[in-house]
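Protein sequence lines, in the order shown, are assigned to chains E and L. Here the first sequence is numbered in the numbering used here, starting from 1 and rising by one per residue. Here the second sequence is numbered in the numbering used here, starting from 1 and rising by one per residue.
There may be inaccurate statements among the hints.
DSS-like mimics (lysine-lysine), calculated; alpha carbons at most 27 Å apart, straight line [stated by the list, open to error]:
no., chain 1, residue 1, chain 2, residue 2
1, E, Lys-166, L, Lys-15
2, E, Lys-308, L, Lys-32
3, E, Lys-252, E, Lys-206
4, E, Lys-35, E, Lys-19
5, E, Lys-166, E, Lys-177
6, E, Lys-12, E, Lys-35
7, E, Lys-12, E, Lys-218
8, L, Lys-15, L, Lys-32
9, L, Lys-32, E, Lys-309
10, E, Lys-159, L, Lys-15
11, E, Lys-68, E, Lys-286
12, E, Lys-144, L, Lys-15
FYI, nobody ran anything at the bench for these hints, they're computed from the structure.
Residue strings, one per chain:
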Amino acid sequence: MLSTTEQELEKKFQERIDKGESIEAKDWMPERYRKQLIRMMGQHAHSEVVGMLPEGNWITRAPSLRRKCVLLAKVQDEAGHGLYIYSGTETLGISREQMLDELLAGKAKYSSIFNYPTLSWADIGAIGWLVDGAAIVNQTVLAKGSYGPYARAMVRICKEENFHHKQGYEILATLMKGTPEQRAMAQDSINRWWWPALMMFGPSDKDSPNSAELLRWKVKRYSNDELRQRFIDRTVPQAENIGLTLPDPDLKWNEERQHYEFGTINWNEFYEVINGNGICNKDRLKARRKAHEEGAWVREAANAYARKKSGETIAA
Amino acid sequence: MKNDNWPLWEVFTQKRFGAPFEHAGNVHAPDKELALMNARDVYSRRNEATCIWVVPSDAITSSTPEDMGPFFEPSNDKIYRHPNFYKTPGASFE
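With the hints as extra help, turn the sequences into a complete structure.
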């Protein structure tokens, strides 16, 4: 037996992180690192899965066959993203069943953005452009995180996310070239989604209890505020390009800082939604549970078929 | 029967004919046929693969990262396996 103490192991672990080494599933890691990653990755996977619901709402009502095909493909991608991350999370010693149980029981968190309703077709544009745009900013840096299976899942996801972002922007750009009603619809959608999209980066750093530790472990590479700023700086010119007005009177370019300044985020709203009081929290879980229950026969049939086939193999 | 706990399969994809198979990730599935279909839907939605292998995860034996040093030690002192060990001017085929 090695006489190495926990402390020494932790020191070695931190040295590996500092050198930029990737931590793999079977490597020694502090229990808290494991727990934090299970929490973060679980929430991320659930967000991908619940994120299908607001968009799924519009599949049957997409305005053309082209838009419908694109939306179907995008929603299928989100399911795939959920699966990549669930897979990665399982390497940390939690079962997929347990994660799904926690989600369906309402014990697991997912991104607050998906508790807002999709009221118009323009919202599908806003989700792609803003929500997936914010996700790209987040995930591009998560792809350089210290936990190998998570980072690799992010690389894969980032490649696919650009399509999501562009199809959303295209929807809005098309509406903005349309009738006054279509332009109003696009603008109304941005008025509703802009602030919730900014909240996706999480609380301000001074109110983010886990940030310091996660930065030290390189699970996170930049603070919530830095990433939010990066998102805003990239998004404002895109809004201007197609004639959308972002609903923030304080938004202005700061030449000295080379960044956009922006107004105060309503964090009360964020915490209300996180704690279950958003517009759609209950609907989302209800829809998830219904989908799970109504899919039971498919899972049973697959099992019965597998049993039958293995029986045949044994008999043969 | 509890049906959510399907066995795990490791997925290997080949990017183009003749290329080596690379580990892409894993899927849960009740049998090998569904494992292949799930693997296609999860890891090749954009023609990333020309061929896919699925292997039951528990059929894979792996060396352990802790034993990495001693396990790979036998090749450490065999520098004569590399062509630049030999000082033979003019003998290159390149």
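Hints, one by one, checked against the model:
no.	hint	in the structure
1	E:Lys-166 with L:Lys-15	holds, 26 Å
2	E:Lys-308 with L:Lys-32	holds, 13 Å
3	E:Lys-252 with E:Lys-206	holds, 24 Å
4	E:Lys-35 with E:Lys-19	holds, 22 Å
5	E:Lys-166 with E:Lys-177	holds, 16 Å
6	E:Lys-12 with E:Lys-35	holds, 19 Å
7	E:Lys-12 with E:Lys-218	holds, 15 Å
8	L:Lys-15 with L:Lys-32	holds, 21 Å
9	L:Lys-32 with E:Lys-309	holds, 10 Å
10	E:Lys-159 with L:Lys-15	holds, 16 Å
11	E:Lys-68 with E:Lys-286	holds, 25 Å
12	E:Lys-144 with L:Lys-15	holds, 24 Å
Hint check: no violations occur; every hint is consistent with the structure.
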